[in-house]
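Student: As a plain string of letters, each chain reads:
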Amino acid sequence: MPQELLALPPGVVLDPFWDWSPGGIALPIWLIVLLGFTLFIVFSNLWWIYKFLIMRPVQGHGEAARSGNEKTQQVLLFGLNRAFAIHALEYAEKVLSFKDSSVRITKWLQSSPYAVGMLGYKSIMLVSETFDTVKDPIAEMAICIACRSHNEENPNNVIENYKGYRANRGLLESENPDCVEIPIYGIYHPGKIYQYTPVDRSAGQFGRNCLKDANDLNMAIQQKSVWEKAIPIFICLVFGIIAIALVYMYVTSGGTPVTLPQSPIMPTVTQTVVV
Amino acid sequence: MAQFLLMDGIFNNTFLGLQLYIWVMLALFLLGVGTYAVWYFFFWVPLTPVHGHFTAHVSKINSALTFDENLNFVMRSEKKSKLIFDEKVSEARERQKDWEVAPSGLIGRVLNDLIFDGGKWTDLNSPVRAEIERIAAGYNELNPDDEIHTLEKFYRRLCEEKLGPCPTIKRTYKVDWKRIDFAIPPDHVQTQWDGYLGQLARKMNEDVATDMSMYAYLILGISGLICLGMLVIKFLK
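Residue numbers (my numbering), protein chains in the order written: chain A, 1 to 275; chain B, 1 to 237.
Below, in silico cross-link-like pairs of lysine to aspartate or glutamate (DMTMM-like), each with a Cα-Cα straight-line distance of 20 Å or less: (1) B:K97 x B:D145; (2) A:K192 x B:E100; (3) A:K212 x B:D194; (4) B:K174 x A:D178; (5) B:K97 x B:D146; (6) A:K192 x B:D181; (7) B:K79 x B:D68; (8) B:K97 x B:E133; (9) B:K88 x B:D98; (10) B:K60 x B:D86; (11) B:K178 x A:D178; (12) B:K162 x B:E152; (13) A:K212 x B:D207; (14) B:K79 x B:E133; (15) A:K99 x B:E206; (16) B:K79 x B:D123; (17) B:K153 x B:E94; (18) B:K170 x B:E152; (19) A:K229 x B:E206; (20) A:K192 x B:E152; (21) B:K60 x B:E100; (22) B:K170 x A:E181; (23) B:K174 x A:E173; (24) B:K174 x A:E181; (25) B:K203 x A:E93.
It should be emphasised that the hints constitute simulated quantities derived from the structure, not laboratory data.
Put together the whole structure using the sequences plus the hints.
Tutor: Written out as structure tokens, the structure reads:
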């Protein structure tokens, strides 16, 4: 409760500026500044939290940029629910996987040198839930266009799935010698290629197979016996018991302070004279 | 001159020659500046190339990720990625009657298009872009019922040969079959990811060993705590 100044308690110092209350209200300058700082901290952090929540779908870019190593890969992930998100995935031996790979088991194989781009100062790969390799949107657009133009001209030999595409791969090249021309400007739909991808090669299936195969391989690696694995535990246990026993012996041994006998030499006062 | 003591002057006591409230102010100032700096430099600055997502969310507009043949992605607003002229999207939508709405997907709550731009059509400083603006403006003057305001419609009219001869503007980008064959590899054989499997298997093995060593550290820690406790009790007596 503020009180009007009558006499200062001992140790209390008043400042002519900071303790001045404008307009005679019981609110000194220092308290106003203090409240200002507090409000700034609260509201600036709330504003940053708001930004953080909005930027969550693209948070992977920041994570990948901060990591600065080649094992963390920036990835644009397309979900079948049409949600796009930028993630920072682990990249090892051409395989992309989530860092918590025991929970999110989907994995992708990087099989195309053309399927790596840039976003900011970090390379980016594109992946989708429907297929187990990294996506190259330019090549996908080319496949779709080549197949559709073939279907328009050959209604009796329609390419409608991946098997048809593989069977007619040579024919498509003969129809489009050297290259396939795609529009120089256009919206890319990541789901259109789904028609021409194998149905039994989803990212989830690839991840599950990888985990299963790695587990089998792990079983094949010569395992240490339980005793071998437990050796460090036993050593630590023995050291622990010895330490506890020694401390217990010290603590229960009386522990009275040692009194030294009085020195036979009488203390003398020496004086140094500086000339 | 009105001066007041709050809480019997607890904050007016001095420490190292300064009142406690000055120390508290200093601490709050450092906390405020420190937290702001941490957010700014560790969260906001690394996200610079995707700041457009935040702008699009706050302004309630659509965004786009444009990319070229080398997959260089740039996040832009719908206006900068689709419109030809410097105007609002809503105005362009009114003037251009046939407006196709086909967003590729969503990033958070923002509708987002993935746009392939292989000819620098979205680069405002490119000569191709200046040519597009010139041709579209001329077409709009002659065809008030079929105005062109988006690059997509410009491309359609270009292919329909309604814009006259445009020799400087490419219509297609050529994709090699080599690149196409890499996209969906037909051979799905394990040797392609055998190295990864070996690493994963080794990691699984190490994880088990790490679990066992954790117990060893736990035993040492508990022993240390017991010893410390006994010593503290002895010296407190």
